[in-house]
Structure formats: C-alpha cells, structure tokens
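Line order of the protein sequences matches chains A and B.
FYI, in my numbering the residues of the first sequence are 1 to 282.
FYI, in my numbering the residues of the second sequence are 1 to 306.
It should be emphasised that the hints constitute simulated quantities derived from the structure, not laboratory data.
Keep in mind that the hints are not guaranteed to be accurate.
[What the hints assert, rightly or not] Think about it this way: if two alpha-carbon atoms lie no more than 35 Å apart in a straight line, the pair counts; the simulated DSBU-like pairs of lysine-lysine are:
| id | chain 1 | residue 1 | chain 2 | residue 2 |
| --- | --- | --- | --- | --- |
| 1 | B | 220 | A | 229 |
| 2 | A | 213 | B | 212 |
| 3 | A | 84 | A | 141 |
| 4 | A | 185 | B | 81 |
| 5 | A | 83 | A | 156 |
[Unchecked claim] So these bits of chain A aren't anywhere near chain B, every CB distance computed over 12 Å:
| id | residue |
| --- | --- |
| 6 | 57 |
| 7 | 58 |
| 8 | 81 |
| 9 | 117 |
These numbers come from a predicted model, not from an experiment.
We treat Cβ as the ideally placed atom computed from N, Cα and C, and that holds for glycine.
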Amino acid sequence: MNKTMRIIGIATTVVLVVLFLSFSIVIVDETQYAVVIRFGEIVKVITKPGLAFKTPFVDTVTKLDKRYTIYDIPPERIITSDKKTLVIDSYIIWRISDPKRFIESMRSESLALSRLDDIVYSGLRNSLAKYDMDTIVTQEKDFLKEVLSFSASNVKTFGIEIVDVRIKKTDLPIENRNAVFERMKSERQSIAALIRAEGEKEAQRIRSEADKKALIIQSQAQSDAEQIKGTGEASATKIYSQAYSQDPQFYKLWKTLESYGDIIPGSVILLDEEMDILDYLK
Amino acid sequence: MRRWFIPIIVLVVLLVIYIGTGVFQVNPSEMALIKTFGKFKSTVGPGIHIHAPIPFQSHVIVDIQSIRKEEIGFRTVGDQKYETKDTEALMLTVDGNIVSVEAVVSYTVSDPVKYAFRLRDPSNLVRFSTESALRDRISKRTVDEILTGERENVADEVLAIVQNLLNTYDAGIKLVNVLLQEVVPPSEVVSAFDDVNNAKQDKERYINEATKYANNLVPKVEGQALKIQLEAESYSQQQVLKATGETQRYLALLEEYRKAPQITETRLKISTLQEVLPKAKRVMMLDNSQKLSLISLDEILGGDGK
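Next comes chain B alone, as it looks inside the complex (with noise of 0.2 Å):
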C-alpha cells in the first residue's frame, strides 16, 4: 500500500499542474480573448478564470482601456525627459522650407479581437500611418501657418486621415487625439526666427518712443500756444487801456481848453517850451540883421546857471 502511495501523490500534482496553465488573470483594464485549438472562441472580463489546459484551450490578453501612445519626431527617455529626434522630427513646407515637428498619437484599442489577429505590429502601424500624415498635412502649409494658427487644423487633419486608414485596415484601433507638441523652426535657424520676434518687439518699440515724442510734444506745443494767446490778449488790453487813459487826458485838457481858449493855450506853450527848451543843447536865435545870437539857456529862462 505504501508503495503504492507516493507515485500516486506524484501523479495528482502533476495532474494538478497541468490543470493549473489553464488558470489565469485578467486585471481592470484588460480582457482575454479564449481560443479552442487556436481558433477564437469567446472573451472574458477582469477577474480569475480557468479555462482547458494545453493544448485544448489558450488565451491572449488585451488591454482594452489603458490609452496607448506613439511618440513622433521625439522619445521619452526619461521622467520628464525628452530627446528630439531630427531625422522624424524634421518636416518639408509647402515653401520649401523645414519645420520641426513633434506629436503625440494616443489610441485605444476598440475591437481586441481585431487588434489581437489582424496586426502583426500595431503600435508601428500607428506610428506609421500618423507620421505619413503628418507629413503630408505639414507640407500642405507654409513654415509660418505651422508656426502660427495652423497647428489644431494639422493635428484634426491627421486624427481623420490615421482613422480613416485604421478603419481601411480593420485594424480594431479607435483614436483618442493627435497633439502636436514642440513646432519650432529647426536648430539651424532658430535664431534667424527669434530675429524676427525681435523685430516685432523693435517696431513696438519704435512706435511706441514716437507716441511718446508725440504725446509729449503737443501738449507742450499747446501750453506755448495759449501763453501766445495770453500775451496778445494782454497786448490788446494794455492797447485800449493806453487808448483810453491817453485820451482821457486829452479831454480833460480839452475841457479846460474850451473854457478859455488863449489863455489855455498860451499856458499850454509856455509850459510845454518850459519843460522842453532846457532839455535842449543849444538855442540860437537869428535877428534881422541875420546874426546868429547865442543864448544860453539857463539865462534866458532864469534857471539858476552857474
């Protein structure tokens, strides 16, 4: 009986064992495709599950959920870390120009049967078919619509086109988005690209010092323009001012003058030659006899003379 025992035990183990590569596990994400001597029977969900062992039955596993990426015109190499790659990056214009481009596919997969037994490489089908159209879709532009406006239409251009191959090919691929990330003019030239930044901000500059000089001036110019106007105002009133003071004096005299005539004007003579006659440098008198006499003024007008 004993000897009979531990073959026994060695034969259900490995009994147990063969069972046991019918056993597997499906996580969250994913799903099992079941096949009966390799054709395709049925498909089950998360969970543990047993099917027959080899070479009855066998599974392939397919994540379903879990969003996929292809990176173009550059590679994660690291956390955060990026390395372009020039020779995918690097994109004809419709100017003859070369733009670099980097984008990112990411895809889920819609039909697992599909995508498990029509593809032999679906991630570089993808890759493929989205950097072909990216391609294409970059050189439909000039360098400055990639640079600029045009990014979005490129990338919704692309998610159509890929799809529409993806679906040509039944290939069970659903797309998520296209996103273009870095497109930027190349290395090369870069700098000849920033110039031209700089240039914008140098006109900026420029008409922004000449609104200064502007802003600046007229006010200025108009501050001088009413002082102008001020000092003329000024002029004009003292003018009338003048005008009338001048001949309010005038009439006064005017006044007296038609009281008493001579005698007004007499004063008038007297005073004025009074006032006028010192002030001149000599005074010569001619008599009849045509001789010149002298006079000295302080002695005809009795001014104390010394």
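Next up, chain A with everything else stripped away, as it sits in the complex (with noise of 0.2 Å):
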C-alpha cells in the first residue's frame, strides 16, 4: 500500500512538473517571433528560434510571421499626369521587422494589411500622377522606387519593412479596350489592304514588264524580218542588173515586148499603118 502511495505521488509530481513547464516555456519556429506580454505590457522580444522561457500564468505570448510576405493590392485606378486611366494592380512584398512596434502599433496582420494598402496606394498615385500614360506602361519603371520610399518610410514607425513594391499590372479600363481592340482592327486593315496593294502593283509591274519584252521581241523579229527581207531584194535586185546591164538594147526589146503581155490583155489596141507587124496586112 505503502508503495502504491509512493508511485502515485511520484507520477503526480512528474505530471505537475510537465505541466510547469510546459506553461513555462516558449518554442520559437525559424519563422515566427516571439512577443511576451505581462497584464498588456510587453516583456520581451524573442527574436531568434529555439527554446525560450515565461512566467507561467502570468505571461501570455502572440507569435509573429517573419516570413516575406506577398500582399497584392486590389487593382485600383489611377489618373495619369495626360487625364487618361489606368487600371494599376500592384502588390508589395513586405515583412514584420520590429515585432515590438508592430504589436504596439498594429495588434494584428489585416489591420497592418489596410495600413499597407493605403500607403501604398498613395504613394503610387501621388508618383503616377506626375508621369503620362505613355511613361508609366512602357518605360522602365523607376517610380516604383520612389513609391517605394516613400511607403517603407511611412511604415517604418509601424515595424515593417517592405522590400519592394511591383506593378503586375498596367491595363486600359475596360471601357476603353474597346476602342483599342477598334484600332487594332483598323490598323491591321490598313496593313491587309497595303499588302494587297503591294501584291497587285508588283503584278501589274511583273505583267508589264512581260508585256514590254514581248513587244520588244516582236519589234525586234520585225525589223529584223525587214532587213532580213532588204537583203534579198537587193540580192535579187543585183542579179537582175548583172543580167541585164548586159546588153541593154536587148533588154529594152524583151522587157517591152514581154510588157505587152500585161498591157494588151483586155485593152483596145489602135494601131498605126507604119507598123512593121501589120506590113503584110496591107
């Protein structure tokens, strides 16, 4: 009986001690901070991981991210310095620095978060208004920088630090896409109706030009079919007045009477008596 007692006092002492302990100490994960708070006041910052140590019963504790942490602000619009809209949807990557400040300033991470969204949402269209539509979509963007500035200062105070401030997005309101879908079409248009216009002057130029050599051709097979022709006839021409420079009193005789052959044919003759022919008609 004796021992029985003894065993259950030792396993209560053990249980009690466990229980001490466990509301005595403080696991801190690689990605979490610490804060010890006592009766609303805070009592330590355990800033680095491992085992840490509090006063049980008295000491609550409240861990925080250290993580980086993404927040993407809602797109919001914003006028550019040229009065046009944009559509800009930006986030910040950011994270708890001073986990002391930040629980004195801020008490939880979605009242932070709107503290965020604010600043930076300022601070992007107080910069974005000083730069045209133009500069803001397709320059590099080197405002972010000063937006960026610009909130981690103002967020200092509250224990954070942001690390950087990104546009994802630059987009035309929806309303005015249309007009742009409506250009783009135009525009290409324009491109088609070049295009086709390039292909058919290059046609008519390619047609053209077979035109041309081909009247050149012909031309050229003319001329030379006349010259071709020239030289015949002055061959010919040169035969007949070797043959015929021969004797020309001859010539005269036989080209006359062979002359009559063509003239008489159908005509009506009126001859005269002294003719030596018609001698023997008298």
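Could you use the hints to bring the two separately framed chains together as a complex?
Written as structure tokens, this is what we have:
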C-alpha cells in the first residue's frame, strides 16, 4: 500500500513538473517571432528561434510571422498626368522587422494590411500622377523606387519593412479597351490593304514587264525580218541588173515585149499603118 | 501481479505512440529539415528517419528536385485542357496595342532552408514576379515584334529579371526556364490579324499569277518572232531564186540574140504579138486617110473565127 502511494506521488509530481514546464517554455519556430506580454505590457521580444522561457500563468505569448509576405493590392484606378485612366494592379513584399513596434501600433496583421494598402496606394497615386500614360506603361518603372521609399519610410514606425513594390498590371479600363481593339482592327485592315495593293502593284509590274519584253521581241523580229527581206531584195536586184546590163538594147526589146503581155490583154489597141508587124496586112 | 499487467501495457503502448511521432519518411525527391525546439538543426535525405518526439523536435519536408510550375495567363483545368485567363493574359504593348500572352515559369528549390523559412508564399512570389516582369518586357515591344521574332528574347529577359528579383529576396529558388506559350492577338481582333496573313497569301498569289502570265507570254512571243524571221528568210530566198531563174531565162535568150540579132528580134516580136494580141479586146488600125478600120483579130491572126 505504501509502495502504491509512492508511485502515485511520483507520477503526480512528474505531471505537475511537466505542466509547469509546458506553461513556462516558449518554442519559437524558424519562421516566427515571439512577443511575451505581461498584463498588456511587452516584456520580451524573442527574434531567434529555439527554446525560451516565460513566467507561467502570468505571461502570454503572441507569435508573429517573420517571413517575407506578399500582399496583393487590389487593382486601383489611377489618373495619369495626361488625364488618362489606368488600372494599376500592384503588390508589395513586406515583413515584420520590429515585432515590438508592430504589436504596439498594429495589434493584428489584417490591420497592418489595410494600413499598407492605404500608404502604398497613395504613394502610387502621387508618383504616377507625375507621369503620362506612355511613360508608366512602356518605360522603365523607376517611379516604383519613389513609391518604395515613400511607403517604406511611412511604415517604418509600424515595425514593417517593405522589401519591394512592384506593378503586376497596368491596364486600360474595360471601356477604353474596346477602343483599342477597334484601332487595332483598323490598323490591321490598313496593313492588309497595303499588302494586297503591293501584291497588285508587283503583279502589274511583272505583267507590264512581260508585255514590254514581248513587244520588244516582236518589234525586233519585225525589224530583223525587214532587214532580211531587204537583203534578199538587194541580192535579187543585183542579179537582175548584172544580167540586164549586159546588153541594154536587147533588154529594152525584151522588157517591152514582155510588158505587152501585161498591157494588151483586155484593152483596145489603135495601130498605125506604119507598124512593121502589120506590113503584111496592107 | 495481473492487476498491474494491463496498465503497464497501456503505458508502453502510449509510450510507443509518443515516440512514433518522431518517425517520418522522406521521399526520393525530398529533403527534411529537422528543427529542435523550432530552431533548424540539420537536414536528412530520403528514407525512414526518427527524431526526438514532440515537442523536442519537428521537421519540414521540402521537395528539392521536382520542377514546380506557375502558369501565367491560363490555367490547366484538366488533362490537355487549358483555359485562358483574359485578365492575366492581356498586356499592353509599346505601340498602345493589346496582346494576349500565356507563359509558364518553371523553378526548383535551390536552397531548401531559405525556401522553407524565409518565404510565406513562394509559389505566389514566383508567379507575381514573373507576371510583373513579363508585362514589363511586353510593354517594351510592338505587337508585331512580340507576335514574330521577339518571343525568345522576351522569355530570356523575363527569366533574367525574375531570377534577379528572387536572388534579391534571397528566396532559395532557381528558375529552370520561362516559356511563352500562346502569344496571340486578343480574340476580339484575331480575325483582323488573320486577314493580314490572308493578304500576304493574296499578295503571293497575285505575283504568282503575274509570273505565270509572264512565263507564258514571253516564249509565245519568241515563237512568233521566230516565225516572222523564218518567213522573212524564206521571202528573201524566194526573191533571190526568182531573180536567178528569171535572169537565167533572159541570159539564155540574150545568147540566142547575140548569135543572130536580127532574126531573134523579129521572132520575139512576132511571137509576142502572136501571143498577146488575141487577148486584146479590140484592135483598131489607122490608115493614111485617118479612117478607122476595124479588124477582127480572129480574121487577122488566122484563128478559126466564128
């Protein structure tokens, strides 16, 4: 019986010790800060992971995430210096750098996010209002450095570090988008028309050049033909004159007689009595 | 003795279960980070391992070999099925146009400790950084550049920018690649863009048709030219041959004439008249009294008159 009592006694002691320890140790993860609060007052901030201690039953511990966190700021409309509206979708990467200040000023992360939202949005709006749309959309986004330093200095007192402010999207509002689509369409239509016209022009050039070439070939052939004909005629004339010039008197006779064959048939002939041929008709 | 037996067994079982909380398995592509009271102590590779039970030690498993993926502008919704996310995909270009870009960024964990302990949402960090860099790079180019040759350059530049950002955040992430998927005009204007391609086809067609016309015309005309030339040659030849023929006949006659001029002349005259006069319509003779005598040629030339 005595033995049983002793065992129960030991067990109870062990349980009490474990309970006491469990209320007095704080396990801080690699990803966390731990803030020890006693009656609403911060007594200790633990920034290093590992085992830490607190006063049991009196101290409460609040753990905060110390990792880099993305906060996606909802898309906002912004007016640019050339009075155009852009929808800016930005995000920030931030983390809690000073847990004590953070707890004192923010209490909770959701409150911190709404503050971040306000500050970064106003930073963006102020910076972007200085630039025109073209610069904001197409140029190097140097204005983000302004926004980053503005926001970072503003949230420093809240124990927050802003690592980066970046723009995910710069878009036109939906109503402007359709105008862009219309312009793109008409732009493409004019490009298409230009390409077709170029094709027609090129085709016309090829046809005309072919026509020209054909005409030249034809004319050249005709010219050559005339030349060849001329040469032939010249040789023929030469042959005739060589033959006929041998005896002009005979040629005259021969040619005259030959011409009768062409002249007389079908005509009315008046003959003089003196003609030799008719001598025998008298 | 038997009364103690059951509680002891219960105790032992509870103890085993308690120690069992320290047993864990690490798969082949993974690595486990072991923490003692929340503080990172060591890493272990694949296999079955044991560490001290809760609350003394705990572990985080990080897949360090698998390639992770973030999709920009679209989502894989099933096997081989994709869904375009217009709000993400549509981007402004430097010439004020809008283009739809879909991309995939692949990455691996290069430093599991940083990856597990420094970042709250690593996949979104990669996604947002890529989206931001992609839009930035797209906005530096014209829509035509993006749709044609600049895709590769955009992807390369995005890779460099995002990797640089992740290095700045000390994220322990190594990008594998950035691949642009569908890069197309927005669906609202795609038909107009298609028409430009059609116009290019039309242009080719016009030119081909004209070339065909030219290729057909020139040989045809060359054939005609050859014909004209040959005709001329044959005419020329004909002229020469005709002249040669005629003069040969003449020269033969001349030869005769030279031998006997008087008689040949008379013969020629008479034979000509003989041949020619019958073909005359009328032959009239004037005598000294200036009276016209009508002669029927048939009578004169002794043909068999009617």
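Consistency of the hints with the structure:
1. Distance check on the hinted pair: residue 220 (chain B) and residue 229 (chain A) sit about 23 Å apart at the alpha-carbon level, within 35 Å; holds.
2. The hinted pair formed by residue 213 (chain A) and residue 212 (chain B) meets the criterion: a straight-line CA distance of about 15 Å does not exceed 35 Å.
3. Between residue 84 (chain A) and residue 141 (chain A) the alpha-carbon distance is near 18 Å, which keeps this suggested pair within the 35 Å criterion.
4. Between residue 185 (chain A) and residue 81 (chain B), the direct Cα distance comes to roughly 29 Å. Compliance with the 35 Å bound is thereby established for this hinted pair.
5. At roughly 33 Å between alpha-carbon atoms, residue 83 (chain A) and residue 156 (chain A) fall within 35 Å of each other, so this suggested pair holds.
6. Interface exclusion of residue 57 (chain A) from chain B stands, the closest Cβ pair being 19 Å apart, more than 12 Å.
7. Consistency note on residue 58 (chain A): stated as away from chain B, and its beta-carbon is indeed over 12 Å from all of that chain's, at 21 Å minimum.
8. Residue placement check: residue 81 (chain A) keeps its beta carbon more than 12 Å from all beta carbons of chain B (closest about 17 Å).
9. Every C-beta of chain B lies more than 12 Å from that of residue 117 (chain A), the closest at about 16 Å, which supports listing it as non-interface.
In terms of the numbered hints stated before, the structure departs from none.
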